[in-house]
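**Student:** Sequence:
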Amino acid sequence: GEVRKAIDVLAVMIKQGVKPDVVTYTSLIDGYFLVKEVNKAKYVFNTIAQRGVIPDVCSYNVMLNGLCKNKMVDEATNLFKEMHLKNISPDVYTFNTLIDGLSKEGELRKARNVLAVMIKQGVKPDVVTYNSLLGTLWKNHQFDKAIELLAKIKDQEFS
1 GEVRKAIDVL AVMIKQGVKP DVVTYTSLID GYFLVKEVNK AKYVFNTIAQ
51 RGVIPDVCSY NVMLNGLCKN KMVDEATNLF KEMHLKNISP DVYTFNTLID
101 GLSKEGELRK ARNVLAVMIK QGVKPDVVTY NSLLGTLWKN HQFDKAIELL
151 AKIKDQEFS
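Each residue of the sequence shown is one higher than the one before, starting from 1 at the first, in full-length UniProt numbering.
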């Protein structure tokens with residue numbers, strides 16, 4: 001019901017000549033994901049630039065989160081690469097979202113690669129970053145790798 005109201009408000013805004021901004025469109029995209037309207041969320045995201053609104057890191061984060069929650073991690077990975085091509089700097093939330101999505105889909109190698117990119121780009125991993133990886137390693141009985149990661153975390157913390 002609330003997403004439908006948001007869409008109606010957006011339509012009224014446009015009719016009255018009010019130009020929706022990136023926050024409005026990002027909220028709409030998030031709403032579509034909340035009600036499992038993935039294709040509509042993707043459509044809005046893919047067409048807002050044509051309407052003169054440039055997606056920002058928050059827009060990308062909402063898309064990445066929605067795609068990952070809907071088990072579309074390959075699309076999320078491609079969108080993450082697109083950010084780089086468009087010179088949009090990912091933040092800790094961007095990396096955490098993708099790492100968590102990849103981890104939950106059992107794509108641990110890819111998740112660890114994203115962690116390496118995160119560190120290389122100077123974005124400091126946080127407890128959320130490591131919990132995603134450790135939780136998945138633990139669930140998959142990869143205890144040696146979990147202990148190895150814990151040792152790396154400890155080394156980074158005190159270096």
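Keep in mind that the hints are not guaranteed to be accurate.
Unchecked claim - Heads up, simulated DSS-like pairs for lysine-lysine below, C-alpha to C-alpha not over 27 Å straight-line: (1) LYS15 / LYS71; (2) LYS40 / LYS69; (3) LYS40 / LYS86; (4) LYS124 / LYS152; (5) LYS104 / LYS42; (6) LYS154 / LYS110; (7) LYS110 / LYS139; (8) LYS5 / LYS19; (9) LYS71 / LYS145; (10) LYS42 / LYS110; (11) LYS69 / LYS42; (12) LYS81 / LYS36.
In short, the hints are calculated from the structure, not lab data.
Values in this document were obtained by computation on a predicted structure and should not be read as measured data.
**Student:** Assess, step by step, whether the Cα of LYS15 is no farther than 27 Å from the Cα of LYS71, and give holds or violated.
**Tutor:** 36 Å, violated
**Student:** Is the hinted pair LYS154 and LYS110 satisfied, with a Cα-Cα distance of at most 27 Å?
**Tutor:** Given that 27 Å is the threshold and the Cα spacing comes to 22 Å, the pair holds.
**Student:** Sort out whether LYS42 lies within 27 Å of LYS104, counting only the CA atoms.
**Tutor:** 22 Å, holds
**Student:** Regarding the pair LYS69 and LYS42, is the alpha-carbon distance no greater than 27 Å?
**Tutor:** Holds - the C-alpha atoms of LYS42 and LYS69 are around 14 Å apart, at most 27 Å.
**Student:** Holds or violated: LYS40 and LYS86, Cα atoms, limit 27 Å.
**Tutor:** 22 Å, holds
**Student:** Between the alpha carbons of LYS81 and LYS36, is the straight-line distance 27 Å or under?
**Tutor:** 24 Å, holds
**Student:** What's the verdict on LYS40 and LYS69, does the C-alpha distance respect the 27 Å limit or exceed it?
**Tutor:** Status holds; Cα separation ~15 Å.
**Student:** Between LYS5 and LYS19, is the straight-line Cα distance small enough, at 27 Å or below?
**Tutor:** 18 Å, holds
**Student:** Does LYS110 sit within 27 Å of LYS42, going by the straight-line distance between their CA atoms?
**Tutor:** Since the Cα atoms of LYS42 and LYS110 sit roughly 23 Å apart, the hinted pair holds (cutoff 27 Å).
**Student:** Starting from LYS71, check that the Cα of LYS145 is at most 27 Å away, please.
**Tutor:** Answer holds: LYS71 to LYS145 is near 24 Å, not above 27 Å.
**Student:** When you check the alpha-carbon spacing of LYS124 and LYS152, does it fall within 27 Å?
**Tutor:** Roughly 13 Å between the alpha carbons, so the hint for LYS124 and LYS152 holds.
**Student:** Take the C-alpha atoms of LYS110 and LYS139, compute the straight-line distance between them, and say whether it is at most 27 Å.
**Tutor:** 17 Å, holds
Hint 1 from the earlier list is the only one contradicted by this structure; the remaining hints agree with it.
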